[in-house]
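Undergrad: One letter stands for each residue in the lines below.
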Amino acid sequence: MQFGKIVAAVGSLAVLMGMSAGASAQGSLNLYCANQEEWCRAVVAAFEKKTGIKVNMTRKSSGEWYAQVKAEASNPKGDVWWAGTGDPHLQAGEEGLLEPYKSPMLAELQDWAVRQAEQSGYKTVGVYAGALGFGYNTDQLKKKGLTELKCWSDLLDPKLKGEVQVADPNASGTSYTMLATMVQLMGEDKGFDYLKSMHKNVNQYTKSGAAPAKATALGETTVGITFMHDMVTEISRGAPIKVIAPCEGTGYEIGGMSLIKGARNMDNAKKWYDWVISVEAQTELVKAGSFQVQSNKNAPTHPLAPKLGEIKLINYDFKKYGSSAERQRLLSKWGKDVKALPN
Amino acid sequence: MSRPVAWWLAVGWIGYAILPWYAIEAGFWGFSWLPGWFDANNAPALVQSFAYGRWWLLPVALALLAPLALLGWSKDEPGVARLLIVVGTAGLAWLVLQGFAVGLKGWSFGWMESLFGPLGNRQFGMGYGALLVAGCFIVLLTQGLAGLGYFQGDGFTAGSIGVIIATIAAFVFYPVFIVLVSAAQDNQGNFAPALFVSKILDQEIWGLDCVYSSLRCGVAWNSLFLAVLVGVGTTVLGLAFALVAVRSGFRFKRILRVLTVLPIITPPFVIGLAVILMFGRSGAVTMLLSEHFGIAPSRWIYGLPGVFMAQMLAFTPIAFLVMIGVVQGISPSLEEAALTLRADRWRTFKTVSLPLMRPGLANAFLLGFIESLADFGNPLVLGGNYDVLSTKIFFAVVGAQHDQGRAAVLSIILLVFTLSAFYAQRQWLGKKSYATVTGKGDAGLPVPLPARAHLFAYGLAVPWALFTAVVYVMILLGGFVQSMGRNHDFTLRHYVAAFQVGWTEHGIHFSGAAWNSFWTTLEISLLAAPLTAALGLLTAYVLVRQKFAGKDAFEFGTMLSFAIPGTVIGISYILAFNTPPIELTGTGVILVICFIFRNMPVGVRAGIAAMSQIDKSLDEASLTLGARSFTTMRRIIMPLLRPAVVASLVYAFVRAMTAVSAVIFLVTAQYEMATAYIVGRVEAGDYGLAIAYCSALIVVMIVAILLIQVLVGERKLGRRSAAAPISSEIQGSAAA
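Chains C and S, in that order, are what the protein sequence lines are.
Residue numbers for the first sequence follow my numbering, so the first one is 1 and each next one is one higher.
Residue numbers for the second sequence follow my numbering, so the first one is 344 and each next one is one higher.
Incorrect hints may appear among the rest.
To be verified - Below are the DSS-like pairs computed for lysine-lysine, each with C-alpha atoms no more than 25 angstroms apart in a straight line:
hint: 1; chain 1: C; residue 1: LYS70; chain 2: S; residue 2: LYS959
hint: 2; chain 1: S; residue 1: LYS959; chain 2: C; residue 2: LYS261
hint: 3; chain 1: C; residue 1: LYS190; chain 2: C; residue 2: LYS320
hint: 4; chain 1: C; residue 1: LYS190; chain 2: C; residue 2: LYS319
hint: 5; chain 1: C; residue 1: LYS150; chain 2: C; residue 2: LYS70
hint: 6; chain 1: C; residue 1: LYS261; chain 2: C; residue 2: LYS320
In short, the hints are calculated from the structure, not lab data.
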């Protein structure tokens, strides 16, 4: 009888599945990583080698981690939530999901990273920064009869109709940073006027923040608005892209790191926390190809990375624009006033 | 007392007095509890209640003791049956009650603390012991019901229904209930009905602006429109493929079958990616058209056309798998009878064959419709500005809004759509009989297709199969070039990065990045597939063959999990199973369970479609000859159901290998699934490795499908085939 065979096959398989977790003497650490996969791996390997602590690393996007940390709040399974844009970290802190921690390493960090910690009551800290900008596909731009783009205002050129791509701020933290940047750079009314004018040129509001960089690389769109390091990643893979820091000035993100409230391996979590903002760990990150600006003052920067010092940065108010009330207000206004318009 | 009751009572006592009551930290398959058997974590309930102060487990013993007094009595005695019902119900109720009342931190609810004072003790998630005891109580209850004459007095039917209801209640209703409750809550967890009303009436959901202006329509209408298109499209294509495969002399049937099955075994976003690489603005086809015909490259593919095309590619095989069983099952005798009565071939096809396919058509449409509504990968990659509910739900949870309530509201709308389709399908099928596989002599020859139907089937199936083939060539090639769309030099580096195998002093070392998730995925899928198929077909059997009160509600319950988008299932599983009484997050078991209950409905649908063709007189004959329902099911129904068995096994295995949205919240470092890993690679722009990994998965799944077909075998209906000489097929019975 064939079913007998199947049952036997499944049964023997089940027996084979003796799964056991190897426990090391130093204990373990459950790491929620929102960085790029290869960076997560590189830094985890270095940490394991240095401390002997076994790290169970899982990679997901920052928004997914926020949802998971919130869902697990009554019985946390993770210890540290590392990297990913700062807003979900701030929001989780606001909702009491995170453990405050004043690391002895704070003194070594850049001012913007420490400010992030102070503003959140030490529930999160800055681990890297990246400026918002845009990139264009040089081949496609030539076909449009344009030579170069330098400023946010250049994106309103009627020749670029249907050629600009940016994520939907409702879906992506990157794009919410753009929305908040425009409001802070130009004032709320003028900022929204700008976004309405740009809407005519937008071909698609993508779901993922870095997706426009990939579309620009493939020539599916001429211009993509993303964090500058996302564009640099594509350039380093050989895409014909030029990345621009807009002349009017621009906003930036601060990547966060937080300890999860009720973490089961709090001591190891703190070891990770202190170590990952050290020069050693951040050098490791840069070696692995991170194009962001690291938070340790003495950490090196990747030669291809955009230099924050050469970019005109606005004084981005993370406290105000990271709060859920302000965010809900701006997002629903954007949905009604901008996205609902005909192209 | 009947044998099953005595047996299960013994099982219940083993669970209560010998096996660990609480979940073992090392996991379901870990046996590390053996050495420390009697400590506070691993002790059985009997020891827990005396030695560790967990007195709330004691009443369970009472419920297990009572039936012992009945040994030697028949369950058909009304008094015995009533006692079994009382004991089973009370035992189950107490299990649930104590599970929810006492949690990780003592009393679970504040009001209990103030009422009874602090508990000073706590408990963990339930484990083997609790599982067996719960199973025992379910059997006691259902045997009691059968003893009173419910379910036609049949113990097997009663038990099956009991187990199905209990598991669906625990793994579908309970988590979904938890997530839907959050629809009426604000972000802080307070009850906010006004917010619920404003969310559900949102213009973004129900706006009809696209009808009379250039503005976009609401996301609900978008989803509905797309789902109807895909449902109809996949049904028509599926029918065409089934006709070609079963009723034509098409020479390349095998290739056709493989081609039609390919899309189902492909992670959906890869199809989307291939579609972009062909029809995107810089895609291969677009470039050809622009060079040779001067058609300007445009972005038309992003939006409804692209999603529709990708979903058609992805879901036609499901319709095909449903339709092929149905087309095979149609009795040639009826068609022959029609021809004898001087109907021409077309009329026979239109008035006999097609109406007999109704259950298949309706089920295929229903599956396509629901799949399209719940699909997440294709709209994500190709949706452009055409928003649909499933992506909206995902981004309401993980996006910048962080609004779980909104996700729950959107899920409710999605559910209402699915359930309406379900209801409409039932109305259309009505109460007609579609049975054509009977015990009577059935020696007709399948009628050749009429020219029109022939043309229709070939005209649709062959070009679509070619198109599918091209898409797959693109996917396969993508793994072997440096960077698809930019640099087409040959390379093996993506495969090396994913599947490198090295030798060390300890033997083979799987050093490629993909191995970890690959083995996990294979293990989980191999475990989930047979369980899914078994539960699905059992449910189908109960639904088609048994009559009992509340059958419609029961059927609805089994379909529910299919209608809920994966994201919502994922979130609801974390919310429901992260804390006792059932604590599963972070284990492999939660993935298996998630797959079983998410994919079971396909087994149910395929089973129902196939079973409604098998005449009930076959079962009755078996029952009359003294076989019990279990034997009847095993010996008579199962062999006739082989196409449905194949369909549900294949589907369950493949879906477990390719599911994305549900598992993205459930994977952990230890149990990482291939798709979650691939999504990460796609997000990082590493298309080469993603495509290489997908190609490898496709090969694995093809091997698995072939194995399933060999293991299960074909259904052999005693019919003449056109090629076979008549004399060799005299037996004319339907049993294989």
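Undergrad: If a hint holds in the structure, say so; if it does not, say that too.
TA: Consistency of the hints with the structure:
With a CA separation close to 52 angstroms, the supplied pair C/LYS70 and S/LYS959 exceeds the 25 angstroms bound. Restraint check for S/LYS959 and C/LYS261: not satisfied, since their Cα atoms lie roughly 60 angstroms apart, outside the 25 angstroms limit. Restraint check for C/LYS190 and C/LYS320: satisfied, since their Cα atoms lie roughly 19 angstroms apart, inside the 25 angstroms limit. This hinted pair checks out: C/LYS190 and C/LYS319 have alpha carbons roughly 22 angstroms apart, not beyond 25 angstroms.
For the hint pairing C/LYS150 with C/LYS70, the CA-to-CA distance comes to about 41 angstroms; that exceeds 25 angstroms, so the pair is violated. Proposed proximity of C/LYS261 and C/LYS320 is supported: the alpha carbons are some 24 angstroms apart, at most 25 angstroms.
Figure legend: structure checked against the earlier numbered hints; hints not met, in rising order: 1, 2 and 5.
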